[in-house]
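Chains as they are written, first to last, in numbering that gives the first Met the number 0: chain A, 0 to 299; chain B, 0 to 301.
Derived lysine-lysine pairs resembling BS3-like cross-links, with alpha carbons at most 27 angstroms apart:
hint, chain 1, residue 1, chain 2, residue 2
1, A, Lys-249, B, Lys-103
2, B, Lys-150, A, Lys-249
3, B, Lys-201, B, Lys-170
4, B, Lys-113, B, Lys-225
5, A, Lys-249, B, Lys-113
6, A, Lys-249, B, Lys-115
For the record, the hints were derived by calculation from the structure and aren't laboratory data. A quick note: this is a predicted structure, and the numbers were derived from the prediction, not measured.
Each chain, written out:
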Amino acid sequence: MSVATASHILEKLEFTRDLPTVPVVLMRLLRYMEKPLDQVDVAQIVNLISQDKSLAGHCLQVANSPLFGSSHEDEVVSIQASVMAVGVTRIQQIAVSCSLLRLMPTISFGLNPAVFWAHSLGCALVSREFATRIGYPDPAKAYVAGLLHDIGIVALLWVAPHDFRRCFEEASRHRIPLHEAEQRVLGITHCESGKIIAQNWHLSQELTDVIVGHHSPAIAPSSSVLTSIISVSDLLCRIGGLGYGYSEDKQTDFTEEPAFAILAAKYRALRPFDLARFTFETEGLLEEVRAVVSQVYGAH
Amino acid sequence: MMATPSVLRATGSSANERSEPLIQIRDLIYKTAGIFQADNKLQLLERHCNKRMKALGVPTLRDYYGCLTVNPMHQAEMVSLLNEVTIGETFFFRNRPQLDAIRKIVLPIIIDAKSKTSQAPLRIWSAGCSTGEEPFTLSMMLLEETQGTLKGRSAEILATDLNERSIAHAKTGCYADHSTRHLEPHFRNKYFNISGDKLQVKPEVQANVSFSRLNLLDDSRMLFAKGMDLILCCNVLIYFDAASKRRVIEHFYRNLLPHGYLLLGHSESLFGISEDFRLVHMPSATAYVKSGKDAADSPRQP
Ligand SMILES: C[S@@+](CC[C@H](N)C(=O)[O-])C[C@H]1O[C@@H](n2cnc3c(N)ncnc32)[C@H](O)[C@@H]1O
Ligand SMILES: [Fe+2]
Ligand SMILES: [Fe+2]
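Here chain B stands alone, though its shape is the one from the complex:
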């Protein structure tokens, strides 16, 4: 039993007493990548670290923290650790609370704002779409809502990624088990054809989505994705340093309409990165809306 005699321990200390270097690594990841591992995810984080430690032949977490900070290769090691933490993967319906929030809260607000000003189609951008599961998930959701929330308004989804091979895959619309493991029967039956041991997205789902290769750090090309109602950039910015993040966020700000929304991946935050957006909460999801000069309405009184 390793309990300290703590009969008079003060209250309110952080929930769990976990190993010091692990907490330091958690905080370092949050500082450099903006993605947070809650206390109940620390065991998992430790497993990811152990994997990297084995690869490097480093014995303790404390030494490994050194690899992530003082070691000359520390930036490269952080990328390797992030690859473990975020697992560069993607799948259909990855973040359900976020999708529910889009469907029940964000879309109605956007459609309401648009109905006052224009007939233009709803424009959504999946920035860092990887092999296409995210934009196709959105596309299916929009098809479900065409007559409901969208009130018949058409919708376009721009889906971009840096990785050429990913974009090529996305264009095929053909997916194996791993990607489709969280797909509900309703969507599986309605929007997919079986093709051998894979699932093929139906043309109607593909029709809304246009794929193209785009580096989010390519300033000149970033200027083109204008007039967006909603931008999803999930599990992408975690790989960027603060300066690059700022640049990308500034572009997003300019590319969004005044009522627009920016959504990040689960547990990602813009704290300390941008004042142009303000955080809003929805059930089990967070989102960013414009604050300041270009906001839809300035809600805060001076």
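Looking at chain A on its own, in the form it has when it is part of the complex:
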């Protein structure tokens, strides 16, 4: 029965016409963000964001939070000003994060949309910090990958919301990882549904690999470093109370995580690494994420 469900869902994802189209702004931003910093056209980005009033509003809320290192004392009131305050790279990161809001269902099928967005945003930030800390050369890429890693969940919510609800209930009842519950209930996980979306949207190979492999980094293809960074960050978020709205009652030893081993083999900074300290830093960061998310969702 679960096999039928699985192929049914995947088919629906491949062929259905009623998937929401990917937000144009999101696609453009992703493309811009792949350019080197000195080729970035700031005016173009400011225009793109400012045109969409609701997106711009959300961006300003996030830009004015402590989360994005805005040390400015006065509130910024335009996208133009926020670029001055937090920098163009961060404005792009804020904007892709907020354009994800557009894709969220407005009602909850077990998983609360605000919780999911908080998890994505938290994972983006933790990935960026972790990438920076270990010496990964492109923390901005880690940010985007962290943000979109669970896009397969959004996909499941579109085509099979009630099946997804069953997965979610199974996961929260047994306090197990969501992807394990999906596998049990549906026979597929959000990694597989994510793959179809990633291909539909023509996301880069690296992003696709993260979306497909973040729960099995040891067997992911080519770019397992980025996948591993996201895998570790995802775990840190779930442990730090910014998972999917329930806590997984288990003990995690990061030195036994395949993702951690992959990174430790490559980066000196991880041998040894003060993971306790990074965890405490993450806790602080996640508290700030929570504050911003409740602000954005409160004002929805």
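Please build the complex by placing chain B with the ligands on the supplied structure of chain A, with the hints as guidance.
Chain B with the ligands only, in chain A's frame:
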């Protein structure tokens, strides 16, 4: 507006740009005491520093950083600052995520390990228990779990502190509002009697707990607390220098059974102090388990 024109600022710089000396003080505290103040706690840290600066008549954070480093009295000043930071206080249910982790994750693992080897009671040590709120919190939690997780196994809690007056207070089991402010009605009603304007812990909660004065740096007496399943040493080691910390941790290692757990206070870490323990994560809590020769099972392949 004090924003720097930073249109092309690189990504990934640390989350917040806060004042340099404050960050230095944060890092100094972490280095000397092993307790970390996350970015969102920096404002609070600044307030603690300001209080000390007022007392000393020091005008800026930069000067105050000097008091904590080059000044001949810097060690004493660090103790004073730590007193502000940690507030030498304690209360019931102080660290809830940690208690949840004990109840839902640590105890089941310990009980499982014990069931294979012995009938011995569960042994828990609250090291640096102050006036007793921490061991009594544990005692109540164990009473709740007697038939559940503990499967009827009895439990003993050893509670020790250096401070004689604290131990004397703990033995009375009598507490004022401040200590009981985070006590849920369920526990308040079930395990306390009202005694004037105070709350008195019921005898059944006291029965599991034995208090005694103990200096954690007293090597000869530290040898006696053997056969522990779980040691809590929360908000205590922050006052110790690295060498003393190492000594205490070595004792804890020897006093713990192979499957034993060591839990520290919120945001405390053993990084750079001990290789005998490895860090494990639980929801919103961290813990240490034995690594190396005396570990329950050697999980890591060579
Ligand atoms: C902040 S209280 C911690 C109370 C409790 N563990 C908690 O976390 O709420 C710190 C305690 O450590 C004790 N302490 C400090 N140095 C000690 C030592 N060398 N041996 C034993 N206890 C010590 C102090 O007397 C004080 O009661
Ligand atoms: Fe995932
Ligand atoms: Fe995730």
